[in-house]
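Chain R: place on chain F using the hints.
If you read the protein sequences in the order shown, they are chains F and R.
Once you know that position 293 of the first sequence is 293 in the working numbering, the rest is easy, because the numbers rise by one and skip nothing.
Once you know that position 111 of the second sequence is 111 in the working numbering, the rest is easy, because the numbers rise by one and skip nothing.
Each statement offered as a hint is correct.
The following residues of chain F were derived to be distant from chain R, with all beta-carbon distances above 12 Å:
| id | residue |
| --- | --- |
| 1 | R14 |
| 2 | A65 |
| 3 | R67 |
| 4 | A99 |
| 5 | H166 |
| 6 | D217 |
| 7 | R237 |
| 8 | A259 |
| 9 | D303 |
| 10 | D307 |
Residues from chain F that face chain R, not an exhaustive set, calculated with beta carbons under 7 Å:
| id | residue |
| --- | --- |
| 11 | R35 |
| 12 | N46 |
| 13 | K108 |
| 14 | G110 |
| 15 | D111 |
| 16 | H118 |
| 17 | G131 |
| 18 | P138 |
| 19 | N147 |
| 20 | P148 |
| 21 | S178 |
For the record, the hints were derived by calculation from the structure and aren't laboratory data.
The C-beta atom is built at its ideal place from N, Cα and C for all residues, glycine as well.
Each chain, letter by letter, is given below.
There are 2 protein chains.
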Amino acid sequence: MIHVADRIQTDMDRTGSIACVGLDPRPDLLPPSLRHQMLERHGDTNEGVAAAFVEFNRRIIDAIAGRCAAVKPQAACYEAYGAPGWDALAETVRIAQEAGLVVVVDAKRGDMGSTSAHYRQAFFGGAPGLGEGPAPAPMRADWLTVNPYLGWDNVGEFLDPAPGRHGVFVLAKTSNASSGEVQDRLCLDDDHADRRETVADAVARLIRGWGADRLGDAGLSDVGAVVGATYPDEARRLRLLMPDTLFLVPGYGAQGATAADAVAGRRSDGRGVLVSSSRGVIGAWQRAADPEDWGAAARQALDIMNDDLAAARA
Amino acid sequence: MIHVADRIQTDMDRTGSIACVGLDPRPDLLPPSLRHQMLERHGDTNEGVAAAFVEFNRRIIDAIAGRCAAVKPQAACYEAYGAPGWDALAETVRIAQEAGLVVVVDAKRGDMGSTSAHYRQAFFGGAPGLGEGPAPAPMRADWLTVNPYLGWDNVGEFLDPAPGRHGVFVLAKTSNASSGEVQDRLCLDDDHADRRETVADAVARLIRGWGADRLGDAGLSDVGAVVGATYPDEARRLRLLMPDTLFLVPGYGAQGATAADAVAGRRSDGRGVLVSSSRGVIGAWQRAADPEDWGAAARQALDIMNDDLAAARA
Numbered sequence: 001m002i003h004v005a006d007r008i009q010t011d012m013d014r015t016g017s018i019a020c021v022g023l024d025p026r027p028d029l030l031p032p033s034l035r036h037q038m039l040e041r042h043g044d045t046n047e048g049v050a051a052a053f054v055e056f057n058r059r060i061i062d063a064i065a066g067r068c069a070a071v072k073p074q075a076a077c078y079e080a081y082g083a084p085g086w087d088a089l090a091e092t093v094r095i096a097q098e099a100g101l102v103v104v105v106d107a108k109r110g111d112m113g114s115t116s117a118h119y120r121q122a123f124f125g126g127a128p129g130l131g132e133g134p135a136p137a138p139m140r141a142d143w144l145t146v147n148p149y150l151g152w153d154n155v156g157e158f159l160d161p162a163p164g165r166h167g168v169f170v171l172a173k174t175s176n177a178s179s180g181e182v183q184d185r186l187c188l189d190d191d192h193a194d195r196r197e198t199v200a201d202a203v204a205r206l207i208r209g210w211g212a213d214r215l216g217d218a219g220l221s222d223v224g225a226v227v228g229a230t231y232p233d234e235a236r237r238l239r240l241l242m243p244d245t246l247f248l249v250p251g252y253g254a255q256g257a258t259a260a261d262a263v264a265g266r267r268s269d270g271r272g273v274l275v276s277s278s279r280g281v282i283g284a285w286q287r288a289a290d291p292e293d294w295g296a297a298a299r300q301a302l303d304i305m306n307d308d309l310a311a312a313r314a
Numbered sequence: 001m002i003h004v005a006d007r008i009q010t011d012m013d014r015t016g017s018i019a020c021v022g023l024d025p026r027p028d029l030l031p032p033s034l035r036h037q038m039l040e041r042h043g044d045t046n047e048g049v050a051a052a053f054v055e056f057n058r059r060i061i062d063a064i065a066g067r068c069a070a071v072k073p074q075a076a077c078y079e080a081y082g083a084p085g086w087d088a089l090a091e092t093v094r095i096a097q098e099a100g101l102v103v104v105v106d107a108k109r110g111d112m113g114s115t116s117a118h119y120r121q122a123f124f125g126g127a128p129g130l131g132e133g134p135a136p137a138p139m140r141a142d143w144l145t146v147n148p149y150l151g152w153d154n155v156g157e158f159l160d161p162a163p164g165r166h167g168v169f170v171l172a173k174t175s176n177a178s179s180g181e182v183q184d185r186l187c188l189d190d191d192h193a194d195r196r197e198t199v200a201d202a203v204a205r206l207i208r209g210w211g212a213d214r215l216g217d218a219g220l221s222d223v224g225a226v227v228g229a230t231y232p233d234e235a236r237r238l239r240l241l242m243p244d245t246l247f248l249v250p251g252y253g254a255q256g257a258t259a260a261d262a263v264a265g266r267r268s269d270g271r272g273v274l275v276s277s278s279r280g281v282i283g284a285w286q287r288a289a290d291p292e293d294w295g296a297a298a299r300q301a302l303d304i305m306n307d308d309l310a311a312a313r314a
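So that you can see chain F by itself, here it is in the shape it has in the complex:
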């Protein structure tokens, strides 16, 4: 078994890319021809939307495989269409993995104890069946995003007893404008009475502890952190608190962060950041000469993103 953090590092080295392509389809991000085709075939149903999402993603995945470090489907986009949407998410994970891509499912789950175990089963498999054996796994993601608000009771349930079998990215500092309402709140530092730290800093220290004994050969843990590109100063500070943690970095491009912002949290060896972009890549057909070839438009946008990130890391 290859540790999931080593797997990402290997893919980064092989492709020269630290990009993670967000597979976040929405009806208004689908090229008109695909939308009309599925509308004719399925009517205006959730099954039609789901079929369109899978076809859209399949062409994107074909075009970008080998040129990025991972893909990241956003569960909410699929969940909005109920059970057919869930099937489309699972099918997307399967298609991406068959194309050799690491899959981060962005679902930001968080509950307690046995309930979190059920979420783990939803994304990594292993739910009990009606008989003696386990039920068929709905999907087998490589990584999953999780929420820290409930503490170790939650995060711990998502880990596999074997470090590196799969991984989690725990929200530390998210990229949205109101993330500071809770995450920037100033707290007393338990270890140093005279110091103040933000909630995000405190969560970062938890993340480091949770992942400390779970490093792969590349020196990175299967307990990663979400650190938004829109707050580069925080990213640099959080790196000091989490030296061995892989950062999943949203916010590049459509949310306004630059490549320099996105790689601000990298380690001194240049490693440790996985930068995600969704609309900028999968929506590139909207700015292309031929909107029907949305895969080629995505590949071209990804190549530009890769160059942009490479220049910022140099």
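For chain R alone, kept in the frame of chain F given last:
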């Protein structure tokens, strides 16, 4: 339109119950006869588990309708079985609502902006379709649990422009043992330099603000809070910070909290707490003379819970 908080209050007054029955089925909580029947009919498939969950819930719902204030399916239990599980969740919501019950979907979702809007669509409907109109709603829950870690960007997206059309319960202080790792951390109080408050207190003040202009006739907002029964002192303090907030209170029974603990956060008029129990009610058949009548066992356990809570409130 009746404001969702008034709807719960009316149901509490009518039934004399402040109980919320958790519909959290798991294969080992299914009576053996049901399990074997579905195994024969569907094999050891996710469809079989989903069919068993619906049949299990249907009998519970038939037995408890009119005797509790709400039901609360836990999304994780269903999600562990993929798309068939999601259909079972949606069907459970439908069956409960047809039986006249208020439905709280416990999914603890939390993301940012447009992504949270997709989660809202998953549980309340309104996702865009392939054509001009909206796609069919996967379900139409009455309430949903949400996570505060991303702030208003997240919570705000879950609210309907019309106050009271549906509601959210925002996690403030959860009932699990490790909830304090983040939630009990001591912060500086923005408004009073000399005071300290916990993260949960700070979140409570946010919740109060978010829900302030959204009260129903009963004086309760459609922005509620999750406050665990296992921390009664915190519940009393949080009530002072959130006078107009409906508390969803997990942790009674199986998690060890007493009825007195569970109602510790009630208002001075005795209102404002909805106490949930899952295993204690739906798993009551395991202690019953006739395990085949799991509905009757659940009803009996619920009656005992209602008496217990009524005595504690008196």
